[in-house]
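Protein chains in written order, with the numbering used here: chain D, 1 to 318; chain S, 1 to 241; chain X, 1 to 392; chain Y, 1 to 292.
Hint data in this document are derived by calculation from the structure and do not stem from the laboratory.
Ideal Cβ positions, reconstructed from N, Cα and C, are used throughout, including at glycine.
Watch out, some of these pointers could steer you wrong.
To be verified - Among chain X residues calculated to face chain Y with C-beta under 10 angstroms, some are:
id, residue
1, T39
2, S41
3, R44
4, L170
5, N171
6, F198
7, P207
8, Q215
9, R217
10, L240
11, Q243
12, K260
13, T295
14, F387
15, V390
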Amino acid sequence: MNRILLIAALVAAYVGVPLLFGGNAYVLGLIVAALTIAGVAVAWALLGNLGGMVSFGHAAFFGVGSYTSAVLAMKLGVPVFAAMLLGGVGAAVSSIAMLPALRLRGPYFALAILAYAHIFQILATEMTPVTGGAGGLLSIPRFPKVLGLDFGEKLGGYLIVLTIVVLAALAYDAIRRSTWGLALKAMHDTEVATRVVGVPSTHLKAAMLVLSAFITGLVGAFNAHFISFLDPDYAFSSGWTVLPIAAAIFGGYRTVWGPVVGALSIYLVDQLLFKPILPHGHQMILGVLLCAMILFSPGGLMPALRRRPVKENRHAHA
Amino acid sequence: MLTLEGVQVNFGGVQALKSASFSVAEGESIGLVGPNGAGKTTLFNVISGVVRPTAGRLDFRGTSLLKLPEWKRARLGIGRSFQIPRPFGHCTVRENLLVAQRFGAGKKDPRRIDEILDILNLRDKADRDATTELALTEHKALEVGKALATEPSLLLLDEVLAGLETSSKRAFMERLAAVRDRYRLAMVIIEHDIATIAALCPRVLVLNFGQIIADGSPDAVFRDPDVIRSYTGETTLAEAS
Amino acid sequence: MTRTLANLATVSALALSVALGAGAAQAKDFLLGSELPLTGSLARVGQGMHEGISVAVEMANRNYAGRHSFKVQTIDDETSPAKGVAAVEKLAGDGVVAITGGYGSNIIGPASEAAQKAGLVYITSGGVSPELTQRGYPTFFRINNTDGYALAMIGMLQDMGAKKVSIVYLNKDATSSLAKQVNSALTAKGVTVGMHEFDGSTSDFKPLMNKVKLQDRPDVIAMVGYENDYVGILRAAKVLKPQVKAMVGVWSLATAQMAKEFPDLMENVYGTSMLPYPVEFTQPEAVEFAATYKTLFNKDPDYLGQFGYVQTRLLIDAVVRADEAGTLSKGGLADELRKTDANTLIGRVTFDRNGDNLNFTHRMGQHQGGKVVLVWPKDAANGTMNFPSVPW
Amino acid sequence: MFELTLQALFSGLLAGGYYATVAVGLALVFGTMRVINLAHGELVLLAAYVAYAAETNYGVNPAMAIPVALVIVGTASALVYALLSRIKQDREINSLILTFGLGIILTNAILSIWKADIHSTSDPWFQDSMVVADTLFAMNAEVASFAGGLVLMAGVWWWLNHSWQGRAVRALSSNRAAATLMGVNPRKIEILSFLIAALLATFAGFAIYTGKTVFPALGHVLTVKAFIITVLAGMGSIPGVLIGAVMIGVIESLTVTYLSASLQELAGMILFLVVLFVSPSGLFGGGRALAR
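Bound-form chain D, shown alone (with noise of 0.2 angstroms):
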């Protein structure tokens, strides 16, 4: 992605959206829920990408990372800021029990991962004394102020969550340029060429799943701090596996930043325009546009939007 554009992003981000927005609540509200969305649909898009394994389960990671967090602050008195931090170590921890999975192929890896998430969130409502069960967890400490800025309101949470998504996607960026990214890439197709040249290729597959696994536990942990409550049905909801897929396919999955803005651009054209046209079938819109997508422009908005360049660019993203 080009340098000053991404530059230029940043500074808008930053700067602009909190200049702009920094009084409505309910629009600010809305971006940082886009992001939110946006952060696992980076960590899908990792996994999918450099992992080659396509999941239909992050709800686990997402739903584990916040019932870690909210745990820990609420029952251990951890500080949020750490909370959120161990909340992304408990997903990784918790995506080693599904390193079985890795032999899995296609389709059944991808049910395999959306079993684990029935499974977590089973547990989640069955272990009532951890988790308040089937009524989850209320007034969740939020996030502190900090130097005078106060992390527990809307603008705060909007500078978290688009730092983690800002690092993911960096991080995603260098270990796809990466030799690692290299290794991966070629394992695609021939994983034993890979193997014969000394690439410990499962070894990297379950790093992704476990990286991947990290981010989407640490955006989880954000969201339960934010919204400051969680039920098991919230917490691992299927909405937290199909919109990130929706948003990174949308957005263009083969691309870095392409995640981002699908997430950014569905989650936000759905809220502030289809939703106050047809109140309640805006989600058919949605839909609509995920079909016409697809077929005009399977490569997702980014590479729509940046047509000429992409002809070089195309061995950069596999």
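Go by the hints and put chains S, X and Y onto chain D.
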């Protein structure tokens, strides 16, 4: 450096290798010949770890390879090429070598990469897409290059010369010899063309029905009646003698 | 709710606040906000409650005709907490005077918190979880609660003289907490209780019902779930025919809709219900309510409609009182609402410090020949209960 | 206890049959086109709502509504195929997204046409109980759908094995290029498989409307269940679908009987994972033949 003892491989009921035993000394070059389906490639797969033997011993410089996955063997110094070239998807030639060097040799050494590109005469293709923009010779060369980039001490080459027309074949042969002497490698080459073998390798192994039926100097081996009977390519034999 | 209308309403709301600065009380348009699940898994209940809200607004416009007019701007929270919060913030931005609605404790929680932040009154009947009122938000009001449902169920089970009860309940928040409350109350009174939890994905209740039939052998089976759970449970019971004296449920069971959709399945089944069906009324308000409901939606009001109506009516009354007192713009609405002491379709309503309605006790109705007859408590009953009796 | 177990197994078997009828259409399409139709559940739901409309508006017996539903669902299914066949690159993932989008559209269409209320047949016969040897109980609807489902599946299975098109379908699923060389017209065969999937979906819809309750959000749930069973079976194997579905049905009902009804889904999921880890390409996934 490499010792096989009674190595045996079964695919379901079929016995692809019945107790193969031989050893390769440091810096030695061996030609591996035999009719199709004799088990040559299977032998390479066993050594490089792609296939697990059902029985037998397999040691490399005193350590047993049996429990090690492919990538660990590669890091120990066993490099191999595939009969059908397997370039890394949508990577450039240089990227192919970078991956092999980074993971196989555990270092980043652009100078050595360039050296390999020069020896294999791939310099001008270095930034082409390896899957879509190479000719057969270059594909074969890249196979060797990837193995070399892992800085092996034993190089297993699976028909890297097959399918090349005589002129480029001779050139390629010279390159291989250069590589071998430059890096002081032990080499095992699967090759049908006896002349090539004879030119490159002082020692020849003949494999038939999963068994080593002859082992010795080219002219000794190619006069062996069993070999002649087993080996289909009489014409090439004639050429050799 | 079209954009133009919303804008118009916003303008009027601004005009209103300006006028109020003067403290005078002349004819005004009041814009109410409503945040409800109109799509997603709670769509059905959300839409039901919204019908009640519309009826309340319609009737208010009639009753205050010439003096005030009322509009409601509704935003769909899509059964998602985040979007519930967004909806409240949007409504706050559009200058609504208060919010009526909300369904599902897990959405009402964050949404009412957002309302509290925006200093907006949030009145609901869609979430019975005790935590909601324990937060002590001065802007939060709720006209019903778990206790009300539990008391009704417990009371009737006692009057039936049930010695052994099997409670079959959904493992969601509202349902499981209600079930546990009933369980402890009954056990305390020496009743043997068997608890059977199931999850929402259960579509075949036969194995569960068979356990109840062969192991518990209860006098009464108590069901705590939602429509499709009840249908599943009752069908299983109808097939296995356990030797029980009654099938008792709670919300969304003794309703006109169920009577219409599953006549023979529902016969003799009990459930909580405020009004009988077809509605026979003594109070004029109830008559007008039913009539208006009929004209607007061409059907008889169900319990969701009733609750939506009552909460909105109480809110509107308080708004008018606050307006006359000139305190509406000065955050006086909450205090006005807390002064409420009204006799409504769901009985007497008053609010305590936390906005909870401690008078709330539900009534039990029984499906009888396509009708819903109120059978408990005695003073509210408009018929006699068939007991013992089951749908098979 | 023995009585409980018997009933649990019986219920599990019936439930399995029901799951299978929902899943087999998905499996068939997965087998022919390597495409998972994420709108399959919505198609099933559509059929159920057509049956509902017929019964409430015209007092037609749900069974009689099947032909009408078939026409409507068949058209929808053909439409899905028409759109799918326009996908050129990354068929696997893009077809998932496309059908997912179509699913959203269908769900919301159903929601806006029929509202969110729950519905099911009011015809008493379907709800009456059928008792086998005074120990096994079931609703007439369940038994009827189970029997009908078995017949349909057997039919499809026979068709795949013995009819010319059936062989073509299998050829296509195992080796597209070769099949095309053998003179199989892939588009013809694929649309055929979509239509048969529509038939199966229609029947599943009838089964749900008579034996369970329908509401707009159900479609997604059905799709996931069908998807899981298809993968459990492996590569669109039809007997695999039946066996996998019955396994899930039985493990669920046994969990309800001996543990708790709130753990039944957990049990199903764990079974699913265990099977996958033991045989990574499903129960019958070894080969690629559809009919195995």
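Margin query: Tell me the numbers of any earlier hints that the structure contravenes, in ascending order.
Written below: 9, 11, 13, 14 and 15
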